[in-house]
Amino acid sequence: MSDLALGLQFIVTGMIIVFITLTIMSVSMWIIGLLLKEKKKETKKGIKKLEGFNENEIIALTLAICQYGNEKEEIELRFESVSNWKIQGRIESLGRKQ
2 MSDLALGLQF IVTGMIIVFI TLTIMSVSMW IIGLLLKEKK KETKKGIKKL EGFNENEIIA
62 LTLAICQYGN EKEEIELRFE SVSNWKIQGR IESLGRKQ
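My numbering applies: residue 2 is where the sequence shown begins, and numbers increase by one.
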């Protein structure tokens, strides 16, 4: 078998494998999209159950849930000092714009 024929065989085989893989991926993403749409519909049905509450009760429930979430999460903000080369780069870029 010549090198040219072998090369063409590898190209065709590779392209077939790529297109089969892309087809499988697109079909699986489509199916997952359909499943997620069904879950969203179920979630919206749960929100309609809150219609029995007045506005003040819904606000109180929302605040209680937020407060509970804030107590469970420990948020730590870390700030790092900017190095000299970053400061110099910013100064130079601002000088170019003027």
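It should be emphasised that the hints constitute simulated quantities derived from the structure, not laboratory data.
In this text, a Cβ means the ideal position worked out from N, Cα and C, and glycines have one as well.
Check before you lean on any hint, since a few could be wrong.
Pairwise CB distance ranges, derived in the manner of DEER restraints [claimed, not checked]:
#1 I92 to G8: 50 to 56 Å
#2 R91 to G70: 33 to 39 Å
#3 C67 to I17: 49 to 55 Å
#4 N55 to E81: 43 to 49 Å
#5 G8 to E39: 25 to 31 Å
#6 F11 to L37: 43 to 49 Å
#7 L9 to S29: 52 to 58 Å
#8 T63 to T22: 30 to 36 Å
#9 K87 to D4: 51 to 57 Å
Verification of the supplied hints:
1. Here the CB-CB span from I92 to G8 is close to 54 Å, well matched to the stated 50 to 56 Å.
2. At roughly 37 Å, the beta carbons of R91 and G70 sit within the given window of 33 to 39 Å.
3. As the Cβ distance of C67 to I17 is approximately 53 Å, the hint placing it in 49 to 55 Å holds.
4. A hinted range of 43 to 49 Å for the beta carbons of N55 and E81 is consistent with their spacing of about 47 Å.
5. As the Cβ distance of G8 to E39 is approximately 48 Å, the hint placing it in 25 to 31 Å is violated.
6. Range check, F11 to L37: about 39 Å between beta-carbon atoms, so the 43 to 49 Å window is missed.
7. For the hinted restraint 52 to 58 Å between L9 and S29, the CB-CB distance of approximately 31 Å leaves it violated.
8. Distance hint for T63 and T22: a CB-CB separation of about 45 Å, inconsistent with the stated range 30 to 36 Å.
9. Remark: the range hint 51 to 57 Å for K87 to D4 is upheld by a beta-carbon distance near 52 Å.
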